[in-house]
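The working numbering puts the first residue of the sequence shown at 331, with every later residue one more than the last.
Since the hints were made in silico from the structure, they are not lab data.
There's no promise every hint is true.
[What the hints assert, rightly or not] 25 Å max Cα-Cα, derived SDA-like pairs, lysine to any residue:
no., residue 1, residue 2
1, K380, E343
2, K380, N409
3, K380, Q447
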Amino acid sequence: MNVTELLRLLQAEHDETATRADHLREQIHQLTGALAEVEAHLAEIVTAGKVIDGLALADHEPAPAETATVYQRIVTAFNEHPGRVFRVRDLHELLGLPTDEPSINATRSRLGRLVRQGLLDQPGRGRYQKRT
331 MNVTELLRLL
341 QAEHDETATR
351 ADHLREQIHQ
361 LTGALAEVEA
371 HLAEIVTAGK
381 VIDGLALADH
391 EPAPAETATV
401 YQRIVTAFNE
411 HPGRVFRVRD
421 LHELLGLPTD
431 EPSINATRSR
441 LGRLVRQGLL
451 DQPGRGRYQK
461 RT
């Protein structure tokens with residue numbers, strides 16, 4: 331075999347390998363997108379499970395504080411103080427949660443969901459208590 335023939339074969343091998351590398355990069359791109367979608371869905375499933383578990387705790391023993399979600403901790407606080415009316419800031423102080431506005435607003439939204447689900451009552455604006 332002469333040098334020209336070797337160079338032609340080497341170029342053909344290069345072109346074939348470059349095409350395969352491009353194909354693999356495209357597969358990686360598609361798989362990365364699919365993985366991101368599946369991971370986001372998985373996170374939603376985990377969150378839904380925690381919420382459901384937190385709501386189920388209203389009828390059972392409270393989970394340890396270190397493993398409890400915020401929902402679980404909120405429901406537990408209302409179960410431990412069934413007659414007490416809480417303002418969001420008071421609830422945060424009781425649970426040791428941050429009292430900055432974004433945290434307060436997130437809890438206010440959570441409490442609204444718990445009211446709509448029938449677990450809590452809202453006897454006044456910004457006030458919440460366990461439904462009796």
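For each hint, the structure was consulted:
{"no.": "1", "hint": "K380 - E343", "in the structure": "violated, 54 Å"}
{"no.": "2", "hint": "K380 - N409", "in the structure": "holds, 18 Å"}
{"no.": "3", "hint": "K380 - Q447", "in the structure": "holds, 15 Å"}
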